[in-house]
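Visitor: Here's the letter readout for the chains.
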Amino acid sequence: MPRSSNDYSVIGKRQPKLDGPLKTTGRSQFTDDIDLPGMLHGKIVRSPVARGKIISIDTTKAEGLTGVKAIVTHEDCPGLMVSPDRKILCSDRVNFIGDEVAAVAAVDEDTAAEAAELIRVEYEPLEAVFSIEETSAKGAPVIHEGYEKNIMDDYNIDFGNVEKAFAEADHVRVGECTFNPNHNCFAEHHVVIADYSLPGKLSIWTPNQSPLYIQKSMGSILGISESNVRVFNLNTGGAFSGRIGPRQHNFIAAILSKKASRPVKIRCAADEEFVVYPGGGYFKYIIKTGVMNDGTLKAMEATYLFDCGAYWNSSFNVLLRYKYHLIPQNYHMEAMRWKEKTVYTNNPPNMYPHGAAFLQLKLAQETELDIIAEEIGMDPLELKFKNAVAKGDTTLTNVHYTSCGLKESIKKVAKKSSWKKKFKKLPPFRGIGIGCGAMNSGGPDKSGALIKIGEDGKISLFIGLPDMGQGSHTAMAMIAAETLGIAVEDVEVVAGDTNAAPFDIGAFGQRGTFFTGNAVKLACLDARKQLAETAAKKLGVKTSLLVFRDGKVFYGEEPEKAVLFKDVVSQTLHSEDGKHIMGKGFYHTPTTSREPWVSTLAYSFGAQVAEVEVDPDTGIVTLLKVTHAHDVGRAINPLAIEGQIDGQVFSGMGQILSEECVMEKGKILNPTMLNYRHARSFEVPEMEYIIVETNDPYGPYGAKEVGEGPIVCTMAISNAVNNAIGNPVREFPITPERILQAIKAKGKK
Amino acid sequence: MKSIITLNVNGEVHEIAVNPWRTLVDVLREDLKLTGTKRACEQGACGVCTVIMDGKAILSCLALAVDCAGHSITTIESLGSSDGLHPLQQSFIDNGAVQCGFCTPGVIMTAKALLDENPNPDDTAIKEALAGTYCRCTGHIKTVEAVKKAVQAGREVK
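Heads up: the sequence lines are chains A and B, in that order. Residues in the first sequence are numbered consecutively from 1, following the numbering used here. Residues in the second sequence are numbered consecutively from 1, following the numbering used here.
What you were told as hints is all true, and nothing was included just to trick you.
With a straight-line cut-off of 20 Å between C-alpha atoms, the simulated SDA-like cross-links for lysine to any residue are:
1. 538/A to 567/A
2. 149/B to 639/A
3. 149/B to 688/A
Note that these hints are calculated values from the structure, not bench results. Predicted model only: the values in this text are computed from it and were never measured.
All chains, full assembly: derive it from the sequences and hints.
Guide: The following block contains the structure:
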């Protein structure tokens, strides 16, 4: 077997995306490009109050408007709950500004909008709460019955002897970081088409990361068999952790379609986009760290307070508690403690920010590590290197690393960025910072893949994994091409329709390359085995001695003893037995004794150095350069890996420096792309990439994730700012205003 | 209420009846079925719907269709054919500047308007021209790179 990237013919090459021609010519189809015969347009009526009682809903006027075909309220979906705390449409209570109360479907968008205005809803406003403090205060209103003190989840867990480890530490400190809500700014707004116009059959078109999840959830909630929910997953205009499960508007479109017996499209317009999808909510981390004087990390404790908003997003559930695994993920420590409390408020319900909010925990931790390093007189890079995990290690939470390039990443990023020459040696208001991260390649799950081979030797590869731009389809085609020894252009990926797709829970949790990649490899090996029989007969050699490469099948010892791949396919098809080559592959996590949440086999690691300049008069940060090293196991497609790193540095930069939904009493004050501050093309840094290969024993060709691994290293940016101004900013994003306050506060010390 | 207008799009003249409040992006997509021009914020903030009118990049979500009558409009559909892609399109593909692809037509049209006017822009000019587009996937890093490479390739041809 090949051992380095050079031994591969397809893998490791800079492969432009196979759907590039479609996308650059505007021919790629997105949901809003679909116009079904008889399709209506829907509009949702949303609550203008943050908490209130619904007194009455009057649809008479709207019904009278020409062009209106259906109006739905809670009476059209009685008892249907999308999560334990949330109905499809509110019946008696509304809990946030934007809560869905009614909806209308009409012949065009204008008529639907006009009809929505004509639906009269009378509310009795009730006392509302908008912060962790308010919702936890004595006498605060209870938002959901059964959730006393509005506590949605309360979870504490220890590993190791926490008290002892802190007591033994030479140096202990506590610090906190708070994070304001942000938004993922998907280029493609939320949109869905639902066709529920025939009994018991529902078709859904919507940008998403998991057609299977939508199929399962919508089927079970609407009471139809999941196979009768057909999800068309076309192109998805940005996902960033935010498009995993079905959303409220998916269900509303379905019930409108059922009532009107016609397909219905709902597209979120302008500021509605922000209401439908606030990214991360408000949260706070209090981090306690204990170290020895030589920098050895003894223990860490994270207290996590999270405002989940008015409802609990069910897809969040798994990852909330998963997070404690992040604490000892990068570094050795003797003990750790996780204290989590999640509360309801009347803010919009929160979803994931890009990076699933893993960045924020890691950021809070790494901020503290930098400070504690300063306090014991140590270079933070050295402290991180000293405590870094390595191959063969098992963390405190029982996660085992079969491959690990963290130390190599730190070393390489330090060298490339000339860390030693710059740290503490830069001019005033110039700073350098390091951030380290780790990321799971999926969870405990499974993926399937199917291939069929045409007579001309071209492959159709059937997968259920979406490509939201990360290049997963191109990567899967590369794995297939490598395994069968053909050109990547000879592989056509068939995906986007649950009727044709094998089992796959989707593209999230950084699972695509690892899980679907393994399934694709297995499917191709299955096909190869069938082809090898024909080729072996023809060449008169054993099947085990055959090599598939460069469009040929040959005897390894004598490469000139060869047959063309396509001829083998054709000969197999027309042989006496007659065999159409189809391969199937299924990969699932082997059963382990480890905890269910962590039984993925591969973890990736990264280290990042950022260099900044801060203007002391304005507080404006210029991000000069980012050097990122990522252990991807094996680089399937370096061009796509760089693209993943770029996008995550951009998102991390936004979450850290500028992106914030400014809230006032449950209302987003800046719900437009003009007022919501993201970086522009002239503000992004110079990038330097270092790909570290550790050849994971379980990964397909040794590959691991690069999905959201790089974003959890972008605290390099805030660490660099802290280094530049000498006083860590604690409230994120660290806007110019907050930076100026920190500079001013430092001056007073 | 509707007025009959003639729209010149990609060299073809269309006679269309439109309401006065309808935007160019809606008419392009709905009446002319030119869905290559995407629609997103409809507030002139994201650049996704950029087309070229009389040689200038404009936001088709902020242009009323009736105001575009008599002007020459170019959309992404005019770039590339069965014979091959436009150099900008090829450069975007080769340099990894395409990810989800939703903003791509708008970014390419913005770049085309720049290069039509100034075939030799420096880095600053490219970055400034693309400042009105929004691309979270690439973080603008490889889109800027792709335009730079297209400019270099153009120079080499000459």
